[in-house]
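If you're matching them up, the sequences are chains Z and H in order.
Heads up: the first sequence begins at 0 in numbering that gives the first Met the number 0, then just goes up one per residue.
Heads up: the second sequence begins at 0 in numbering that gives the first Met the number 0, then just goes up one per residue.
Heads up, some of the hints might be wrong.
Pairs of lysine-lysine residues, derived as DSSO-like cross-links and limited to a Cα-Cα distance of at most 27 angstroms, are as follows [stated by the list, open to error]:
#1 Z:LYS46 to H:LYS182
#2 H:LYS137 to Z:LYS46
#3 H:LYS137 to H:LYS325
#4 H:LYS80 to H:LYS137
#5 H:LYS159 to H:LYS36
#6 H:LYS159 to H:LYS283
#7 H:LYS325 to H:LYS80
#8 H:LYS272 to H:LYS103
#9 H:LYS428 to Z:LYS46
#10 H:LYS103 to H:LYS177
#11 Z:LYS248 to H:LYS182
#12 Z:LYS46 to H:LYS271
#13 H:LYS34 to H:LYS103
#14 H:LYS36 to H:LYS137
#15 Z:LYS248 to Z:LYS46
#16 H:LYS229 to H:LYS428
#17 H:LYS271 to H:LYS80
#18 Z:LYS248 to H:LYS229
#19 H:LYS103 to H:LYS271
#20 H:LYS177 to H:LYS283
#21 H:LYS137 to H:LYS223
#22 Z:LYS248 to H:LYS36
#23 H:LYS177 to Z:LYS248
#24 Z:LYS46 to H:LYS229
#25 H:LYS36 to Z:LYS46
#26 H:LYS80 to H:LYS428
#27 H:LYS283 to H:LYS103
#28 H:LYS283 to H:LYS182
#29 H:LYS182 to H:LYS271
Per label pair, the in silico range of CB-to-CB distance [claimed, not checked]:
#30 H:LEU205 to Z:THR192: 35 to 43 angstroms
#31 H:LEU373 to Z:PHE180: 21 to 29 angstroms
#32 Z:LEU238 to H:ASN330: 22 to 30 angstroms
#33 H:LEU205 to Z:ARG25: 36 to 44 angstroms
#34 Z:PHE180 to H:LEU413: 57 to 65 angstroms
Think of the hints as simulated: they come from the structure by calculation, not from any bench.
Treat the numbers as computed from the prediction; the structure is a model and nothing was measured.
We put the CB at the ideal spot given by N, CA and C, even for glycine.
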Amino acid sequence: MAIGETIRNSQIWKSIFRHPMPLDRRNRIVVMLTNFFLHLHPVSIKKQGIALSFTWCMGGVTFFLFLVETVTGVLLMFYYRPTLEWAYNDILALRDVTSLGILRELHRWGAHAMVITTWLHMYRVFLTGSYKPPREFNWVIGVILLLLTLLLSFTGYLLPWDQLAIWAITVGSNMARATPFLGYEGPGQQLLTIGGIDMITDGSDARFGLLGARFVGEETLNRFYVLHCIAIPLAVALLLAIHFWRVRKDGGISGPL
Amino acid sequence: MHSNGFFLKDVAGFLGGYYAFIALMNGVAAVLLWKRKNQAGWAIVWSVFAGAMMVLASLALSGSESMVPALPSAVRTLVNKLSGPMLYTVGTMALFTALFVFRKFFVQPMVAWSILNIAMVLMGLSMADENFAAIVMKPDNVPIVGLVFLLAFFTWVATKQAVVNDERIAQGLPPMEKLDDEKVLVWPDLVYTELICMVAVSAFLLFWAIFLPAPLEEPASSVKTPNPSKAPWYFLGLQEMLVYFDPWYAGVVLPSLVVFGLMAMPYLDYNKKGNGYYSIEERKFSYLTYQFGFFVLWITLIILGTFLRGPNWNFYGPFEYWTPYKVEVLNNVDLPQMFWVNLLDRPLPRPPQGAGTLSQIGYILLREAPGLVLLGAYLLLLPPLLAVTVFRGFFAKMGFVRYMIMANLMLLMLTLPIKMLLRWTLNLKYIISIPELSLNF
Numbered sequence: 000m001a002i003g004e005t006i007r008n009s010q011i012w013k014s015i016f017r018h019p020m021p022l023d024r025r026n027r028i029v030v031m032l033t034n035f036f037l038h039l040h041p042v043s044i045k046k047q048g049i050a051l052s053f054t055w056c057m058g059g060v061t062f063f064l065f066l067v068e069t070v071t072g073v074l075l076m077f078y079y080r081p082t083l084e085w086a087y088n089d090i091l092a093l094r095d096v097t098s099l100g101i102l103r104e105l106h107r108w109g110a111h112a113m114v115i116t117t118w119l120h121m122y123r124v125f126l127t128g129s130y131k132p133p134r135e136f137n138w139v140i141g142v143i144l145l146l147l148t149l150l151l152s153f154t155g156y157l158l159p160w161d162q163l164a165i166w167a168i169t170v171g172s173n174m175a176r177a178t179p180f181l182g183y184e185g186p187g188q189q190l191l192t193i194g195g196i197d198m199i200t201d202g203s204d205a206r207f208g209l210l211g212a213r214f215v216g217e218e219t220l221n222r223f224y225v226l227h228c229i230a231i232p233l234a235v236a237l238l239l240a241i242h243f244w245r246v247r248k249d250g251g252i253s254g255p256l
Numbered sequence: 000m001h002s003n004g005f006f007l008k009d010v011a012g013f014l015g016g017y018y019a020f021i022a023l024m025n026g027v028a029a030v031l032l033w034k035r036k037n038q039a040g041w042a043i044v045w046s047v048f049a050g051a052m053m054v055l056a057s058l059a060l061s062g063s064e065s066m067v068p069a070l071p072s073a074v075r076t077l078v079n080k081l082s083g084p085m086l087y088t089v090g091t092m093a094l095f096t097a098l099f100v101f102r103k104f105f106v107q108p109m110v111a112w113s114i115l116n117i118a119m120v121l122m123g124l125s126m127a128d129e130n131f132a133a134i135v136m137k138p139d140n141v142p143i144v145g146l147v148f149l150l151a152f153f154t155w156v157a158t159k160q161a162v163v164n165d166e167r168i169a170q171g172l173p174p175m176e177k178l179d180d181e182k183v184l185v186w187p188d189l190v191y192t193e194l195i196c197m198v199a200v201s202a203f204l205l206f207w208a209i210f211l212p213a214p215l216e217e218p219a220s221s222v223k224t225p226n227p228s229k230a231p232w233y234f235l236g237l238q239e240m241l242v243y244f245d246p247w248y249a250g251v252v253l254p255s256l257v258v259f260g261l262m263a264m265p266y267l268d269y270n271k272k273g274n275g276y277y278s279i280e281e282r283k284f285s286y287l288t289y290q291f292g293f294f295v296l297w298i299t300l301i302i303l304g305t306f307l308r309g310p311n312w313n314f315y316g317p318f319e320y321w322t323p324y325k326v327e328v329l330n331n332v333d334l335p336q337m338f339w340v341n342l343l344d345r346p347l348p349r350p351p352q353g354a355g356t357l358s359q360i361g362y363i364l365l366r367e368a369p370g371l372v373l374l375g376a377y378l379l380l381l382p383p384l385l386a387v388t389v390f391r392g393f394f395a396k397m398g399f400v401r402y403m404i405m406a407n408l409m410l411l412m413l414t415l416p417i418k419m420l421l422r423w424t425l426n427l428k429y430i431i432s433i434p435e436l437s438l439n440f
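Turn these sequences into a full structure, and let the hints guide you.
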């Protein structure tokens, strides 16, 4: 006890934690207001709002899985090289030789779990009518986050560069080829011609923009890698911040009015 | 297909543990029912059931392949014979309808528990089938099995509370969620829940990662196309829609409409009731619409696309071997063909040689007139017609713009089941087919 006491009274400890231990009611309030990680929360909350049968915890679990994906993803980035020469071999080595190759399993299963928990979170928000005023806009942000979650998973699916990966991405991205007007097999693209020259070809259509090439190849791998590791996570992080902020501003955890 | 010994040896260990788990689950349930709830009758039922599961577990672990509990092969053959896209879709639709109509019965804990047990035992018995196990145990398909059980569980949790709330509201009482207005401090009440949640999720994920290796197939080759080629599992509902629509609609327009419709939802739902608590009666229309979209048009299509679509995207029964040589008769006909050739016994309208652009367009419009008229009536006449009949109340409360958006989203969503029905009954391929513009609908 004495050592604990000494540590908690030391200058270092006090400089890190701006509050005393949350042991009494006053300090349990103070801790929520003065700690960076905790200040996302309110100080007090409706008891029924945090009942497990009511909230299912799925939004929180989704966020936690996003953090798991970030940490395991960054660690995997130290190892994996997104080139035709190395991508498959690096994943193979993660499976067969590398210590902590289990990071890939954690990352992949975490991604699947995140898709599922996002759906469940959305399902709960719908069933409790929590998208109704004043939370309409936060629901819209949630829908965008759902879309980005699926895109994160989709772009990551290509990276192992095995048969499963390229053909799943080929099948998925073939849809873009049929985009009305903007895909070279889409309805109406025939109308976009200038002086008899087609504007929309397999080298200039929506699918080309997605893949960076006419088929899933090295350009696609690079494109999806950057989207997967940088672009989409940044967008998700920004939208998550707004999503959480709006939960607070729109009246906190939902409940009957 | 007869399961071979090698396969059963591999799966027997898993099944032994699986049945033992069900036994343990029921044993715990029995103890809780007896000690906490004082329901000795049910406690005995589940103890006996747990005993039976232990017998199944020991049979599975007996080391003899012929002892592993499995569905009789006659049953498997029958299931394979009977199953098809139509029966699957109509069947799940009927199942959901029954679950919804008799929800007061199904939410009773003992009924739900019985259904869970039946589902788990059926799953175990099916796993002893080589073909079934091959699909379900594919690493990337395991999450879908989890999803099915999770969705069933959470739907039960939600419906149970909604049923209670609906009864209370009918009696003029506030919903359960309103009874407890007490506020608690976030530290410790929420912070600790979050911590426990994080530990539990981490443990679960580690367990999953240790026992199920992530899939890694052969190196990518752009010349070796696998059959079937499938998108990631969460997009397989969309891929399944390609059976009924061309990619521009199934793969681009409909998904965009889903996203748009979801975003528009809070602005279309003018119903102020049911905000912040579980309820079905107070918001039946929005509830049924969402459940129809989510369960019938999204989840069941994903399951169909993942588990029941094999080589060449043909339909395979759950216990059927995915032979690439299965041939399915494709005798689908376009609507113009049906109308001009089959019905009027005339050739399709075709422009004469050397006709000008305008006349060519005219002939195309004439050829496609039946489809264009039908679609036009569906999208342009139906909304106002509904506004003065079934949706009269909606129209009055929503106003013109919101009503039109709602009605059109609704009708576009229904194009999928309608097209399915037309395909199954009339072998209809396209309602409108203008290859000149790559526009088929």
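Outcome of the hint check:
no.	hint	verdict
1	Z:LYS46 to H:LYS182	holds, 5 angstroms
2	H:LYS137 to Z:LYS46	violated, 42 angstroms
3	H:LYS137 to H:LYS325	holds, 22 angstroms
4	H:LYS80 to H:LYS137	holds, 24 angstroms
5	H:LYS159 to H:LYS36	holds, 18 angstroms
6	H:LYS159 to H:LYS283	holds, 16 angstroms
7	H:LYS325 to H:LYS80	holds, 14 angstroms
8	H:LYS272 to H:LYS103	holds, 21 angstroms
9	H:LYS428 to Z:LYS46	violated, 55 angstroms
10	H:LYS103 to H:LYS177	holds, 22 angstroms
11	Z:LYS248 to H:LYS182	holds, 18 angstroms
12	Z:LYS46 to H:LYS271	holds, 23 angstroms
13	H:LYS34 to H:LYS103	holds, 26 angstroms
14	H:LYS36 to H:LYS137	violated, 41 angstroms
15	Z:LYS248 to Z:LYS46	holds, 19 angstroms
16	H:LYS229 to H:LYS428	holds, 23 angstroms
17	H:LYS271 to H:LYS80	violated, 48 angstroms
18	Z:LYS248 to H:LYS229	violated, 42 angstroms
19	H:LYS103 to H:LYS271	holds, 25 angstroms
20	H:LYS177 to H:LYS283	holds, 21 angstroms
21	H:LYS137 to H:LYS223	holds, 20 angstroms
22	Z:LYS248 to H:LYS36	violated, 42 angstroms
23	H:LYS177 to Z:LYS248	holds, 21 angstroms
24	Z:LYS46 to H:LYS229	violated, 45 angstroms
25	H:LYS36 to Z:LYS46	holds, 25 angstroms
26	H:LYS80 to H:LYS428	holds, 25 angstroms
27	H:LYS283 to H:LYS103	holds, 15 angstroms
28	H:LYS283 to H:LYS182	violated, 31 angstroms
29	H:LYS182 to H:LYS271	holds, 24 angstroms
30	H:LEU205 to Z:THR192: 35 to 43 angstroms	violated, 57 angstroms
31	H:LEU373 to Z:PHE180: 21 to 29 angstroms	holds, 24 angstroms
32	Z:LEU238 to H:ASN330: 22 to 30 angstroms	violated, 48 angstroms
33	H:LEU205 to Z:ARG25: 36 to 44 angstroms	holds, 38 angstroms
34	Z:PHE180 to H:LEU413: 57 to 65 angstroms	violated, 25 angstroms
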